[in-house]
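K.L.:
Chains as they are written, first to last, in this note's numbering: chain A, 12 to 162; chain B, 279 to 362.
Hints are computed from structural coordinates only; laboratory data are not their basis. Wrong hints could be hidden among the right ones.
[What the hints assert, rightly or not] As a list, the in silico EDC-like pairs of lysine to aspartate or glutamate whose alpha-carbon atoms are at most 16 Å apart:
(1) Lys348/B / Asp326/B
(2) Lys323/B / Asp90/A
(3) Lys283/B / Asp344/B
(4) Lys323/B / Asp344/B
(5) Lys70/A / Asp334/B
(6) Lys341/B / Glu28/A
(7) Lys280/B / Asp334/B
(8) Lys18/A / Glu28/A
(9) Lys323/B / Glu281/B
(10) Lys348/B / Glu129/A
(11) Lys348/B / Glu28/A
(12) Lys341/B / Asp92/A
(13) Lys70/A / Asp344/B
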Amino acid sequence: MAAVASKYEEIRKLDVEILSVSVDSHFVHKMWQDNELSKMVDGGVPFPMISDGPGNVGKVYGVYDENAGVEMRGRFIIDPDGVVQAIEILTPPVGRNVAELIRQIQAFQHVRKTNGQEAVPSGWYPGKPTLTPGPDLVGKVWQAWKVKDAF
Amino acid sequence: MKELKIGCGKPTGAKVGEKAKEAAPETQSQAGKEITMSAVRVGQKAPDFEAPAYQDGKFGQVKLSDYLGKWVVLCFYPGDFTFV
């Protein structure tokens, strides 16, 4: 959470809002913010920390673990129309990669900006070549895009 | 964020359009009370919900549909004070 908070300004500049959710009460969120997060990042977590005690929201999103009574590391990128564009779900011991989150947001925003005319190949970052699907591209991706562009 | 009145009870969140669990009448069968685990899919609408939240020293209420028109990253995690 602190990692996301540290990149908050960069993410906000992309016109993206962050909402975090766990089963902890909003009182515990305050304590975590005051006692730990604010010591890891200047100002702590600036976005809303949602409290989902009984897991009602987590169940709807398919990330609630009934046995453990906690929510898995589920991350959903939702576009301005309220449509889910990307999902990543990890079990608790492995953390996420904020740089990859930002990359995916930029990629989805690029596709949206081109009204879906352009597609974004593997490993794309802003500035790298995109592909324009159409009859002329069939069987020609090997000419338009090189595997090294993915890295 | 809509301000939340602070009481001693623990407010809960719910999918919009669905009653919070504790409001269900007692006569309702157990099966009827369960919120079934569903899977959200890419390319489909994100289910709307409203739930209590903490932000900037204040307690409030967050509703997902209030963010329509913006990109949103919804981030679940196992718990406060966990290590990763």
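K.L.:
Hint by hint, say whether it matches the structure.
P.N.:
To see whether the hints hold, each was checked on the structure:
no. : hint                : in the structure
1   : Lys348/B / Asp326/B : holds, 14 Å
2   : Lys323/B / Asp90/A  : holds, 9 Å
3   : Lys283/B / Asp344/B : violated, 19 Å
4   : Lys323/B / Asp344/B : holds, 14 Å
5   : Lys70/A / Asp334/B  : violated, 27 Å
6   : Lys341/B / Glu28/A  : holds, 13 Å
7   : Lys280/B / Asp334/B : holds, 13 Å
8   : Lys18/A / Glu28/A   : holds, 12 Å
9   : Lys323/B / Glu281/B : violated, 27 Å
10  : Lys348/B / Glu129/A : violated, 21 Å
11  : Lys348/B / Glu28/A  : holds, 7 Å
12  : Lys341/B / Asp92/A  : holds, 15 Å
13  : Lys70/A / Asp344/B  : violated, 21 Å
Hint compliance for this structure: hints 3, 5, 9, 10 and 13 are not met, and every other hint is.
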